[in-house]
Amino acid sequence: MNKLSSLSDAVASIPSGSHVALSGFSITRCVMAFAREVIRQGIRNLTVSQCVGAMDTDLLVGGGAVERLIYGGGSLDRFGRLACVNAGIESGSLRAEEYSSLSIAFRYLAGSLGIPFIPIKSLSGSDLLSRLQEQAGSDVAFVADPFSGERWLTLTPLLPDVAVVQVQTCDEEGNAWIMGPKWDSPEQVKASTRTIVIAEHVVPTEMIRREPERCVVPNLLVSHVVELPFGAHPTSLYREYDYDADEIRNYVEATRKQDSWKAYLDRYVYGVKDHWEYLDLVGGLRRLRTLRADPILGY
Amino acid sequence: MNKLSSLSDAVASIPSGSHVALSGFSITRCVMAFAREVIRQGIRNLTVSQCVGAMDTDLLVGGGAVERLIYGGGSLDRFGRLACVNAGIESGSLRAEEYSSLSIAFRYLAGSLGIPFIPIKSLSGSDLLSRLQEQAGSDVAFVADPFSGERWLTLTPLLPDVAVVQVQTCDEEGNAWIMGPKWDSPEQVKASTRTIVIAEHVVPTEMIRREPERCVVPNLLVSHVVELPFGAHPTSLYREYDYDADEIRNYVEATRKQDSWKAYLDRYVYGVKDHWEYLDLVGGLRRLRTLRADPILGY
Amino acid sequence: MEFTASELMAVAGARELKDRQVVAVGIGLPIVASFLAKKTHAPGMTILFELGVIDPEPVHTGVGLADPRIWHRAKALSSFVDILGTVLHRGRVDVGFLGGLEADQFGNLNTTLVGDPKGKFRHMVGSGGANDIASCAKTTILIMRQEERKFRETISFVTSPGFVNGGDSRQRTGLRGGPSRVITDKAIYGFHPETKKMMLISIHPGNTQQDVTSTLGFQPVIPSHVPFTEPPTAEQLHLIREVIDPERMYMG
Amino acid sequence: MEFTASELMAVAGARELKDRQVVAVGIGLPIVASFLAKKTHAPGMTILFELGVIDPEPVHTGVGLADPRIWHRAKALSSFVDILGTVLHRGRVDVGFLGGLEADQFGNLNTTLVGDPKGKFRHMVGSGGANDIASCAKTTILIMRQEERKFRETISFVTSPGFVNGGDSRQRTGLRGGPSRVITDKAIYGFHPETKKMMLISIHPGNTQQDVTSTLGFQPVIPSHVPFTEPPTAEQLHLIREVIDPERMYMG
Numbered sequence: 001m002n003k004l005s006s007l008s009d010a011v012a013s014i015p016s017g018s019h020v021a022l023s024g025f026s027i028t029r030c031v032m033a034f035a036r037e038v039i040r041q042g043i044r045n046l047t048v049s050q051c052v053g054a055m056d057t058d059l060l061v062g063g064g065a066v067e068r069l070i071y072g073g074g075s076l077d078r079f080g081r082l083a084c085v086n087a088g089i090e091s092g093s094l095r096a097e098e099y100s101s102l103s104i105a106f107r108y109l110a111g112s113l114g115i116p117f118i119p120i121k122s123l124s125g126s127d128l129l130s131r132l133q134e135q136a137g138s139d140v141a142f143v144a145d146p147f148s149g150e151r152w153l154t155l156t157p158l159l160p161d162v163a164v165v166q167v168q169t170c171d172e173e174g175n176a177w178i179m180g181p182k183w184d185s186p187e188q189v190k191a192s193t194r195t196i197v198i199a200e201h202v203v204p205t206e207m208i209r210r211e212p213e214r215c216v217v218p219n220l221l222v223s224h225v226v227e228l229p230f231g232a233h234p235t236s237l238y239r240e241y242d243y244d245a246d247e248i249r250n251y252v253e254a255t256r257k258q259d260s261w262k263a264y265l266d267r268y269v270y271g272v273k274d275h276w277e278y279l280d281l282v283g284g285l286r287r288l289r290t291l292r293a294d295p296i297l298g299y
Numbered sequence: 001m002n003k004l005s006s007l008s009d010a011v012a013s014i015p016s017g018s019h020v021a022l023s024g025f026s027i028t029r030c031v032m033a034f035a036r037e038v039i040r041q042g043i044r045n046l047t048v049s050q051c052v053g054a055m056d057t058d059l060l061v062g063g064g065a066v067e068r069l070i071y072g073g074g075s076l077d078r079f080g081r082l083a084c085v086n087a088g089i090e091s092g093s094l095r096a097e098e099y100s101s102l103s104i105a106f107r108y109l110a111g112s113l114g115i116p117f118i119p120i121k122s123l124s125g126s127d128l129l130s131r132l133q134e135q136a137g138s139d140v141a142f143v144a145d146p147f148s149g150e151r152w153l154t155l156t157p158l159l160p161d162v163a164v165v166q167v168q169t170c171d172e173e174g175n176a177w178i179m180g181p182k183w184d185s186p187e188q189v190k191a192s193t194r195t196i197v198i199a200e201h202v203v204p205t206e207m208i209r210r211e212p213e214r215c216v217v218p219n220l221l222v223s224h225v226v227e228l229p230f231g232a233h234p235t236s237l238y239r240e241y242d243y244d245a246d247e248i249r250n251y252v253e254a255t256r257k258q259d260s261w262k263a264y265l266d267r268y269v270y271g272v273k274d275h276w277e278y279l280d281l282v283g284g285l286r287r288l289r290t291l292r293a294d295p296i297l298g299y
Numbered sequence: 001m002e003f004t005a006s007e008l009m010a011v012a013g014a015r016e017l018k019d020r021q022v023v024a025v026g027i028g029l030p031i032v033a034s035f036l037a038k039k040t041h042a043p044g045m046t047i048l049f050e051l052g053v054i055d056p057e058p059v060h061t062g063v064g065l066a067d068p069r070i071w072h073r074a075k076a077l078s079s080f081v082d083i084l085g086t087v088l089h090r091g092r093v094d095v096g097f098l099g100g101l102e103a104d105q106f107g108n109l110n111t112t113l114v115g116d117p118k119g120k121f122r123h124m125v126g127s128g129g130a131n132d133i134a135s136c137a138k139t140t141i142l143i144m145r146q147e148e149r150k151f152r153e154t155i156s157f158v159t160s161p162g163f164v165n166g167g168d169s170r171q172r173t174g175l176r177g178g179p180s181r182v183i184t185d186k187a188i189y190g191f192h193p194e195t196k197k198m199m200l201i202s203i204h205p206g207n208t209q210q211d212v213t214s215t216l217g218f219q220p221v222i223p224s225h226v227p228f229t230e231p232p233t234a235e236q237l238h239l240i241r242e243v244i245d246p247e248r249m250y251m252g
Numbered sequence: 001m002e003f004t005a006s007e008l009m010a011v012a013g014a015r016e017l018k019d020r021q022v023v024a025v026g027i028g029l030p031i032v033a034s035f036l037a038k039k040t041h042a043p044g045m046t047i048l049f050e051l052g053v054i055d056p057e058p059v060h061t062g063v064g065l066a067d068p069r070i071w072h073r074a075k076a077l078s079s080f081v082d083i084l085g086t087v088l089h090r091g092r093v094d095v096g097f098l099g100g101l102e103a104d105q106f107g108n109l110n111t112t113l114v115g116d117p118k119g120k121f122r123h124m125v126g127s128g129g130a131n132d133i134a135s136c137a138k139t140t141i142l143i144m145r146q147e148e149r150k151f152r153e154t155i156s157f158v159t160s161p162g163f164v165n166g167g168d169s170r171q172r173t174g175l176r177g178g179p180s181r182v183i184t185d186k187a188i189y190g191f192h193p194e195t196k197k198m199m200l201i202s203i204h205p206g207n208t209q210q211d212v213t214s215t216l217g218f219q220p221v222i223p224s225h226v227p228f229t230e231p232p233t234a235e236q237l238h239l240i241r242e243v244i245d246p247e248r249m250y251m252g
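Chains as they are written, first to last, in our numbering: chain F, 1 to 299; chain B, 1 to 299; chain Z, 1 to 252; chain G, 1 to 252.
Hints in this document: simulated from the structure, not taken from any laboratory.
Keep in mind that this is a model prediction, so the values were computed, not measured.
Do not rely on the hints blindly, as some may be mistaken.
If you want the ones that stay clear, here's a sample from chain B, every Cβ over 12 angstroms from chain Z, calculated [said to hold, decoys possible]:
#, residue
1, Leu4
2, Asp9
3, Ser18
4, Ser26
5, Arg44
6, Asn45
7, Ser260
8, Val282
9, Leu285
10, Arg286
The calculated PhoX-like cross-link candidates involving lysine-lysine, where the alpha carbons are at most 20 angstroms apart (straight line), are [unchecked claim]:
#, chain 1, residue 1, chain 2, residue 2
11, Z, Lys150, Z, Lys120
12, G, Lys150, G, Lys197
13, F, Lys262, F, Lys273
14, B, Lys3, G, Lys120
15, B, Lys257, Z, Lys120
16, G, Lys138, G, Lys18
17, Z, Lys197, Z, Lys150
18, B, Lys273, B, Lys262
19, G, Lys39, G, Lys18
20, Z, Lys18, Z, Lys138
21, G, Lys120, F, Lys257
22, Z, Lys18, F, Lys3
C-beta atoms are modelled at their ideal positions from N, C-alpha and C, and glycine is treated no differently.
Okay, chain F solo, but in the shape it has when bound (with noise of 0.2 angstroms):
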């Protein structure tokens, strides 16, 4: 079944309020198109959860379309810190559940099964779990585990309602593949209600066929696809293009007044139609192909 479709329609597909899985790790496979659309389309009130807050969300919440975080912290890497979500924190603006990498990983794979609760060795001990049993002491519990009686600190699934996950590869099904490592991008997509895919390339179903051990994303899943070049930008794409340290940079100079920030809202997102008009404003295919990414070493 085709399911192409154009990024706003997808985006539009959201409703605000919704809790959305986003697939970034960093600077790297971040769904920034998608996030620019959201804040176009005025979508607000989300709950965003990934396992390392990316520059996806961090955008998400400079937009001010974010009400909610689930994540195990993160940062941009070397360029910087999550500087719009550590604001949103320390203003109490933003609703932060901080856990770690696993503790988030975990959550969503109980999603994933469709089990009710997963047992974990992380966050005892430490000022995670007390700060997770005064916010949100729901999803945290310890329970004595039914076989040997000792205490295990369990925690509840994470079910979100729409993952958005960048790939290289799918078809128009929404049968995708994911080069490079996964983070948590699998665990994410099978926990969600459904899956929005945002792809580089989209091939013939034929050429699914011929390698059916990489497909990471059945399309039962998927509601949408959207083909997108460069829909990362200014973050990587392995085997297909590099992030752009320059806009990386730009963007987290941005983040240091509100003036800037707000200028930069306005020139990036707000003053483009669509990620057409966003690819001609950061230099088009002239500069964009400086950025491809090597064949044999995939960055």
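Use these hints to put chains B, Z and G onto chain F, whose structure you have.
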């Protein structure tokens, strides 16, 4: 680190009484050469586990090597039932703990994740559960979901001493690829203390590094690598060779009576010194080449 | 056009499937029913095999789920945890097909043993994924021949629960879903909405009500009007005979 | 041969690693320490990055774990659940490297916030996999500079537990393992077997005991004899400078 080993050395590393997880499913990817060598070496009192009982397990039971079987049922597909397993269950000489495919898969999964229990919907309301509660009460228990209060069945992890997994390709360190569906192999391997990899082809690590997304068994889990052509014969190995229908029928025929079964073991197991003599016995390359998989179809 | 009871069973199974549904399939008639639906009215259906196969397009028939012939041209090849865990247990399977050695009036199925489980018995194949599908699919369809002693008042062993003891006993066990249809070589049954007892829905052409009830070990609910089952179309028979199972591997 | 404090830290980290160990690594000095060990005395070591990378052989340095440069030539690329679940949580990680904004005398680490968590504070990076490694690895090695206010009596937030409140309090929390070494730019510390307080093991050449203790916010256990840390060898310095970090991305 080079872990290349002879089959006989790999098998000799397994003490009688060990818990061994086997990679077969019905008549495919069974560790048949391994099973024959275990019987020849006189290893006994094994616990064997497997999601769906297969020909490797049936041969091991028929060869007197197994004391306890933890599985989800099984057969030889159209060729017949697991005659040796069934005879052991009917006579009471085999302690069989019978689950479903998913409940064994979840027990391996819990083992692979290092979690002490996992909730499941399956088994409830069936005689499988009531039997397990009588036989193996300590591996199944109901617990109140700490979040909703609902009553959920939970299972203990399976933590085999050794996983024995037939693959198509690995390197000398044990980094292995599995082509085709992987059924319970990934979780078996990750739940087990260590893994013996039996491969049709051992390739340079350089080749493994070219497609890192395909690696199902990372070398850190592996103790022995055994390169063995047609190690799954007479069962099939996807993309390498088809099952040998004649030899499976011989096996099924032999299991019908004690005399014929003893003759089968004498001929195919005790009557040959090693896997090479076995391959000669079943017709050598002249015969085996007729089983070679079509490179497009994979069977 | 002439047709066999098996062909009608496969066609009746196919008719129960809707486009875009996710269907868990075993070997034999369920494969024929599913591929028939997919090649006719339900092209957007997803077909799953428990061991890790999604939407194959076989060109040969296989001896079982373990036969690489039936994995051919799959869109995804994964694992038990992927199919039975993240699809089935997660609640995404709309229809699961099941068969069995024995069934009772509540759709409970036995594939484990015949005889006295505490005494003399013969052990058969056990569950595989059948118990999981019976426990977790939104609905299940039972396909089995209505031979003597297959449908019994009491079965030797409950491998895969149907409506357990009837009424709301399945829900009280913590399970949702349950069997929606039983398709045999003589008739099609549903389940009474309250008692959850098997209820005759249609009789296959060529059979009388007497033929149907005389081979059951219990009395099904029989509504006042029971129609005949619609026969297969020429297209359906063509697909079964020439495309899906030309070697008559599944159709017996 | 001249060397920097960072180079000695990397070398000291490498010396703690043994052949055939499984090591969970973050960006920065831990990467240098791990690749140095692997290229010298521990060729059979396994290097893991939490996001799903096993045993890469990068030819370029990266800005962080998310940089594809450091995934280059991996043997396996998988996922958080694979690395942090089936390797780390399953108990197969021998050594995990950790750094932090602040540490206390029991090796508890803060990477979350500075200031008053209930009042005015600045939020930093949080845990990522650090809490998981601190909780589940058999041992952890803390690598951080011994600057003013980094080693404190009380830290603003415990992101990753060390020995919690000392003594057996970590075990009572349900955790095994714990930190084995703290490597700073001035010294190497272990932990006292009973009290689990930081204990001076060696002082880097060029520093006095006064240099070491004056920049700690607490008094470490000091044995009667404290040797100097063995300096790096020429081969180690060559590998760090020419092979592992020629652009001085990690060595600052």
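Going down the list of hints, with the structure as the test:
Listed as a non-interface residue, Leu4 of chain B keeps its Cβ farther than 12 angstroms from every Cβ of chain Z; the least gap is roughly 27 angstroms. For Asp9 of chain B, the shortest C-beta to C-beta distance to chain Z comes to about 30 angstroms, beyond the 12 angstroms cut-off, and the non-interface label holds. Every beta carbon of chain Z lies more than 12 angstroms from that of Ser18 of chain B, the smallest distance being close to 23 angstroms; the non-interface claim holds. Interface exclusion of Ser26 of chain B from chain Z breaks down, the closest Cβ pair being 3 angstroms apart, not more than 12 angstroms.
Every C-beta of chain Z lies more than 12 angstroms from that of Arg44 of chain B, the closest at about 22 angstroms, which supports listing it as non-interface. For Asn45 of chain B, the condition that its CB be more than 12 angstroms from all CB atoms of chain Z holds, with the nearest at approximately 21 angstroms. Even its closest Cβ contact with chain Z, about 19 angstroms, leaves Ser260 of chain B beyond 12 angstroms, as expected for a residue assigned away from the interface. No Cβ of chain Z approaches the Cβ of Val282 of chain B within 12 angstroms, the least distance being about 19 angstroms, so the stated non-interface status holds.
Separation of Leu285 of chain B from chain Z is adequate, the least Cβ-Cβ distance of about 22 angstroms exceeding the 12 angstroms criterion. The Cβ of Arg286 of chain B sits about 23 angstroms from the closest Cβ of chain Z, beyond the 12 angstroms cut-off, so the non-interface label holds. Distance check on the hinted pair: Lys150 of chain Z and Lys120 of chain Z sit about 19 angstroms apart at the alpha-carbon level, within 20 angstroms; holds. Only pairs whose Cα atoms come within 20 angstroms are accepted, and Lys150 of chain G paired with Lys197 of chain G is accepted, the gap being roughly 16 angstroms.
For the hint linking Lys262 of chain F to Lys273 of chain F, the alpha-carbon distance of about 17 angstroms falls within 20 angstroms, and the restraint holds. With a C-alpha separation of about 56 angstroms, the suggested pairing of Lys3 of chain B with Lys120 of chain G is violated against the 20 angstroms cut-off. The straight-line distance between the Cα atoms of Lys257 of chain B and Lys120 of chain Z is roughly 19 angstroms, inside the 20 angstroms bound, and the hint therefore holds. Note on Lys138 of chain G and Lys18 of chain G: the hinted pairing holds, with a Cα-Cα distance of about 13 angstroms set against a maximum of 20 angstroms.
Distance restraint check for Lys197 of chain Z and Lys150 of chain Z: the Cα-Cα separation of roughly 16 angstroms lies within the 20 angstroms cut-off, and the hinted pair is therefore satisfied. For the proposed pair Lys273 of chain B and Lys262 of chain B, the alpha carbon gap of about 17 angstroms is at most 20 angstroms, so the pair holds. Taken as a hint, the Lys39 of chain G and Lys18 of chain G pair is honoured in the structure, with Cα atoms around 12 angstroms apart against an allowance of 20 angstroms. Distance check on the hinted pair: Lys18 of chain Z and Lys138 of chain Z sit about 13 angstroms apart at the alpha-carbon level, within 20 angstroms; holds.
For the proposed pair Lys120 of chain G and Lys257 of chain F, the alpha carbon gap of about 19 angstroms is at most 20 angstroms, so the pair holds. Our distance criterion of 20 angstroms between C-alpha atoms is met by Lys18 of chain Z and Lys3 of chain F, whose separation comes to about 18 angstroms.
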